[in-house]
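Trainee: Each chain, written out:
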Amino acid sequence: MIACSGSTVLSRENGARLSSKSNVLIAIPAYNEEECIEGTVKELRSVAPEFDFIIINDGSRDRTAEICDLLGCKVITMPINCGLTVGFQTAARYAVDHEYDYMIQFDADGQHRPEYLSALVEKAVNTGSDIVIGSRFLTVRKDKSMRMVGSRMITVLIKILTGHRISDPTSGFRLFSRPVLERYYYDNTLNPEPESLALFLKQGYSVSEVQVSMRERQGGESYLNPVKSMQYMLRVFVTLLIVQWFR
Amino acid sequence: MSITLRVLLIVSAAVVLLFVVRKLKKSQMQALDSLFWLLFSLSFVILGIFPEIAIACSALFGFVSPSNLVFLYVIAVLVVRDFCNSLRLAKLEERLNSLAQAVALDK
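Chains as they are written, first to last, in the working numbering: chain A, 1 to 247; chain B, 248 to 354.
With the rest of the complex left out, here is chain B (with noise of 0.2 Å):
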């Protein structure tokens, strides 16, 4: 794991981190959502500061590179939680649409 990467790693959780914090001061961010963001970037920071995990895990699971299982890591994570959002978007929208109609019938 190349030492770009790993600075890159620990940079970005840091972002992430400056971006969580001002977004929970704004209230502007739910207590879960935010827990989800916090670990995932304590994730990064983790993986950058001991690179033997991803060393051993790519080892263990038969990866050409260290960095590639990162990459896979960090992509099946955002693939769940977009899985996740979509579900949430098509219940928001389906509330969305009862609240306009509840207004419109003038319930």
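The shape of chain A in the complex, shown without the other chains (with noise of 0.2 Å):
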């Protein structure tokens, strides 16, 4: 087991609250994640074990509960399953409440790299952006998959609405400071997505990429299938096209 090594590391998901030095909140929401929570949260630990971490538990069938306690991990658990929104905007809330500086998305499925987060901090401190994305093409070119067309397209069209080049929305990888989460806290229209981005640069809000690389989703199923693809697509569009001039 790797685990925490006690003595150098205090965190406040040990419970050392005051003595903890981390100002960086890492949430990661789990949906029925029972194959991949463990490695996760183990890789988390031995890679990156100065950031403070939680799971948020959205009503979970299957074992992820239990084994997020035979971890001893600090999870909030949503009694019914609410999609992750609303597990982010609760993730937002809690960072805010608890005054971390900055809150960090993070893939249970062990898709995004424990080693990209320090890098992803850096930039925010260095720049001062107000969100940085953990971008899988901002060097490398997108492959012609259906997936990067979308992709693409989104892209174009963020660039044409707010005059920023977003090289990976998609990305579930990203960084939120402290006046972004606290945006999030009381505006419950505001989602974790590109449309959300969007409007974040429209408002003046800064946001830049740093080059990560991803894996595959490391097993269990993904929230994606066609027609949730197109849902999706469909949802960024209109909200980038219309509801944008509205707000």
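Keep in mind that the hints were calculated from the coordinates and are not lab data.
There may be inaccurate statements among the hints.
Stated by the list, open to error - BS3-like mimics (lysine-lysine), calculated; alpha carbons at most 27 Å apart, straight line:
1) A:Lys-202 with B:Lys-272
2) B:Lys-273 with A:Lys-159
3) A:Lys-159 with A:Lys-228
Claimed, not checked - Here are some chain B residues the structure puts well away from chain A; computed CB gaps all over 10 Å:
4) Val-258
5) Phe-297
6) Arg-335
Note that CB positions come from ideal geometry on N, CA and C, so glycine has one too.
Work from the hints to combine the two standalone chains into their complex.
Mentor: Structure, rendered in structure tokens:
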């Protein structure tokens, strides 16, 4: 077992709130992730022990809660499945309430690599960006798959609407600073998705990107099936094209 | 199709638009719901500006008057919408109940 090495690392999630030096919270939404969650937590603890993390168990019906308990993680339990957006908003409220400066959205399925966490934080600290995206395509070209066609269309649309280029708008590996988290605290129509990024850009928040690499998901099932993907694209486009103008 | 009906269609479309924009501004409406209302009111405008569409369709289906077709169209869309809403409501009720149970059982 890797676990936290006690003496040197004091973190809020170990219950040592006041002595914690971490001003970064890693939020891990998890819905039926029994196959992946253990690996993700163990890797986080060994690779990035300096950051606090919290798991948002979004009404999982499998052993996710039990595994988190065994691992001794800090967990927010949603009594029913509320979806990624509500889980994220809950984590944002937690981060604001507990006075974290930054919150990083991190997948439970093992797609995101913890070795890039500090790169995101460094970028935010050095550039003063409000949002930092872990981008797969800042220096790497997108392939020609359907998924990437969708991603390209969103990139182009955001460029037209806001004048800013976001190379990987659908990346789920993002850092949010406190001012942005406070917006999520009070406005529940905001979601951690491309359309909200565009809205933040229009309202003058700064967004920057850091090149990262990601893995395939390490087990379990993805949120996105073809029907959900279509709904996702439709929602992003409608919000970008129509709703943005009225807000 | 009478001029009154055409004007009424366009005016009501404008009113719907006004309401939707207000609700969106206050962040009280979901994006996809607003899409429905915007498209629905757009169809009012199209029917109001081009009565030929309603006239041609009513001739095709054998309606006595084009305005009957317009009424039927509006009623049909709203019935489907109501059906969808009752499904959503049932789901919402179920979620509320399981939420209440979770709180009651202190889980």
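Trainee: A separate judgement is required for each hint: does it hold in the structure or not?
Mentor: Results of checking the hints against the structure:
1. A:Lys-202 with B:Lys-272: Answer holds: Lys-202 of chain A to Lys-272 of chain B is near 15 Å, not above 27 Å.
2. B:Lys-273 with A:Lys-159: holds, 26 Å
3. A:Lys-159 with A:Lys-228: holds, 25 Å
4. Val-258: holds, 20 Å
5. Phe-297: Phe-297 of chain B clear of chain A: closest Cβ-Cβ about 23 Å, beyond 10 Å.
6. Arg-335: holds, 14 Å
In summary, this structure violates none of the numbered hints.
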